[in-house]
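Every position in the sequence shown, counted from 1, becomes a number in the numbering used here once 513 is added.
Hints are computed from structural coordinates only; laboratory data are not their basis. Any given hint might turn out to be false.
Label pairs and their computed distance ranges (CB to CB) [stated by the list, open to error]:
# : residue 1 : residue 2 : range
1 : Asp-520   : Ser-583   : 20 to 26 Å
2 : Tyr-609   : Tyr-553   : 17 to 23 Å
3 : Ile-516   : Thr-541   : 35 to 41 Å
SDA-like cross-link-like pairs, simulated, lysine to any residue; straight-line CA separation at most 25 Å [to be verified]:
#  : residue 1 : residue 2
4  : Lys-537   : Ile-554
5  : Lys-537   : Ser-583
6  : Lys-547   : His-557
7  : Lys-537   : Val-525
8  : Lys-537   : Gln-555
9  : Lys-547   : Trp-566
10 : Lys-537   : Asp-587
11 : Lys-537   : His-557
12 : Lys-537   : Val-579
13 : Lys-537   : Leu-567
14 : Lys-547   : Asp-560
15 : Lys-537   : Ser-565
16 : Lys-537   : Tyr-596
17 : Lys-537   : Ser-550
18 : Lys-547   : Val-525
19 : Lys-547   : Thr-532
20 : Lys-537   : Trp-566
21 : Lys-537   : Glu-573
22 : Lys-537   : Ile-580
23 : Lys-537   : Leu-524
24 : Lys-537   : Arg-561
25 : Lys-537   : Ser-558
26 : Lys-547   : Gly-523
27 : Lys-537   : Met-514
28 : Lys-537   : Thr-548
29 : Lys-547   : Leu-567
30 : Lys-537   : Gly-526
31 : Lys-537   : Ala-591
32 : Lys-547   : Arg-561
Glycine included, C-beta positions come from ideal geometry on N, C-alpha and C.
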Amino acid sequence: MAIGLADNQGLVGHLTGETPPPIKFEITGGEQTKTLSAAYIQWHSADRLLRSWLLGTISEESWPLVIGSSTTRDLWEALADAYAQKSEERKYVLRYQL
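Just need the whole structure built from these sequences, with the hints factored in.
Rendered as structure tokens:
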């Protein structure tokens with residue numbers, strides 16, 4: 514469900530890592546001032562939107578797994594590491610359930 518929603522919104526790359534954060538700062542002006550790049554602001558906004566949605570869907574028991582996740586990708590990997598079963602193990606479980 515999460516992948517479908519993210520894909521529908523054009524944000525699946527935030528889950529898969531295919532849309533990494535762009536360069537955060539750009540140097541502007543003659544005084545060499547560092548400012549947040551427009552691309553980073555847009556990426557960060559989209560990442561926070563998807564991350565907030567994911568955080569709103571997980572149970573309280575899962576919160577300790579994702580504390581410290583600063584991006585959607587980090588959060589997704591933490592959940593996958595905890596809950597995704599290896600394919601052979603998953604096949605066995607599904608066959609047993611039948």
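Which hints from the list above does the structure break, by number from lowest to highest?
-> 2, 9, 16, 18, 21, 26, 27 and 29
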